[in-house]
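Under my numbering, residues 98 to 522 are what the sequence shown spells out, in order.
Hints were generated in silico from the structure; no laboratory data involved. Positions of the beta carbon are idealized from the N, C-alpha and C atoms, including for glycine. Wrong hints could be hidden among the right ones.
Claimed, not checked - For lysine-lysine, the following DSS-like pairs were computed, each having C-alpha atoms within a straight-line distance of at most 25 Å: (1) K131 with K229; (2) K315 with K229; (3) K517 with K462; (4) K462 with K510; (5) K153 with K315; (6) K297 with K229; (7) K153 with K131.
To be verified - What follows is a list of derived Cβ distance ranges for each label pair: (8) D362 with T232: 48 to 54 Å; (9) N186 with N289: 41 to 47 Å; (10) N186 with P426: 29 to 35 Å; (11) G319 with R493: 18 to 24 Å; (12) D328 with G410: 34 to 40 Å; (13) F325 with R377: 16 to 22 Å.
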Amino acid sequence: MIRNMMCSLAALVALSSPAAGIEFFEGSWDDAFKAAEENGQLVFVDIYTEWCGPCKLMDANVFPTDAVGDYFNARFVNIKLDAEDEDVNGPEIGDRYDVRAYPTLLFLNPDGSELGRGVAGLEVEQLIQLAKEATGEASSGFADMAARYDAGERDAAFVQAFLETAQVAGAKLHDDVEAMVAHRQRMAPVFNEYFASRDKESLINAGDFAVIGAYKSKVVRGDPAVEFVIDNYDAFAAVAPENAVAAFVLESNYYTVQGLASAGDDAYLDQLDMLDGPLRRAAEFQRDLEPDSPLLREFQEENFRNGYLAQQGRWAELKQAVEARLAKPGANRARIYTSASNDFQRAEAAEYRLLAREYAERGYKLDPSAPFAAVTYARSLEQDGRNAEAMAVLERALAEITDPGSALANVLKTQLANLKEPTTD
């Protein structure tokens, strides 16, 4: 009897309590908009890709929270859309809404018209604020806070809130590159002053980690804020989501390794060794989370060594490394050939210049739809004086691109225009 009463009570609680986190619509794109119209709701769309780091962090740390669920489930039909999944028309929908970066967070009317958007990985309160601004429920407080800061207000809680609000303001500048750059330049000294003025122990909390992560994402090693997080990894992992802390420190090391290797600097090996030393816990956490993560040592050893060898002019070793990668099961041979072609084009010896042209052709024939392969192959044809063939390759590649205004399309157009220009003696 008591057991039956307890089961009934549990069932009642389950029915009366909202599910934790945001509820994403199960069904087609069109059905989601029909549901929104019938329910008198708007539509929220999280447009992501499988490889997008900030997308993964929002999926793990932001969307499952009660605060986000309570706000979004009451107001929106919520959709998750993989921009690269052709089965759900991801590429077509992405083109329709001119999506060029991830995550793109869209707020739409039931008829599909856009209310607003943000392009950035955001924290819980920032995402809710973005939604309020997009739907007219609230206005941005950024201008007022900027004026207060410029007037000399430096209370720590206020400056932290200013830095967080600035992230939302920056997320809305997705279509204006100059404005985005100016915004970042405006806020960088604000962060630097905030970080320098604070007692460092007081910064070890979830809110300040989120601020550091936002302003120092992908900054190479040596930056004081980056090194502070690395030196206090265990403490930050105890107060903030460890997936975010691990990604932050590993990305910093990743871009440091990449820069050193591409410059031909042997010090890149020392930075790789960090993954087995001071960054070991972060690397082990990431491996458990994502065994094939590009932030892990084996990926970087394989992908950055070629650039290092090319910069050093060690062409025989580079050829061996390329052949070893090609021999691996599941290797993306088109990408390997194309990348190697670009490396070997730097060589002076005729043997390796010919190899560059051979690799360019192989990469293109394996994947003629890849713009990078088309650009590389066209350049190789041009070097052989086969300009007509090079132009045909570029024109075919341009025809495959659905967004004629994209940066990639502009690269192809520029190369094509240069080929069409008459030469003068």
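Evaluation of the provided hints:
Taking the CA atoms of K131 and K229, the gap is near 23 Å; set against the 25 Å cutoff, the hint holds. A C-alpha spacing of about 29 Å is found between K315 and K229, which places the hinted pair above 25 Å, so the restraint is violated. As the CA atoms of K517 and K462 are separated by approximately 24 Å, the hinted pair is consistent with the 25 Å bound. Note on K462 and K510: the hinted pairing holds, with a Cα-Cα distance of about 21 Å set against a maximum of 25 Å.
Taken as a hint, the K153 and K315 pair is honoured in the structure, with Cα atoms around 16 Å apart against an allowance of 25 Å. Proximity of K297 to K229 is assessed by CA-CA distance (about 33 Å); at most 25 Å being required, the pair is judged violated. A hinted pair counts as satisfied when its Cα atoms are at most 25 Å apart, and K153 with K131 does not qualify at roughly 28 Å. Between D362 and T232 the CB atoms are about 50 Å apart, so this pair conforms to the stated range of 48 to 54 Å.
Separated by about 44 Å at the C-beta atoms, N186 and N289 satisfy the suggested range of 41 to 47 Å. Remark: the range hint 29 to 35 Å for N186 to P426 is upheld by a beta-carbon distance near 32 Å. The hinted range of 18 to 24 Å is not satisfied by G319 and R493, whose Cβ atoms lie roughly 45 Å apart. The beta-carbon spacing between D328 and G410, approximately 37 Å, falls within the hinted interval of 34 to 40 Å.
At about 18 Å, the beta-carbon gap between F325 and R377 stays in the expected band of 16 to 22 Å.
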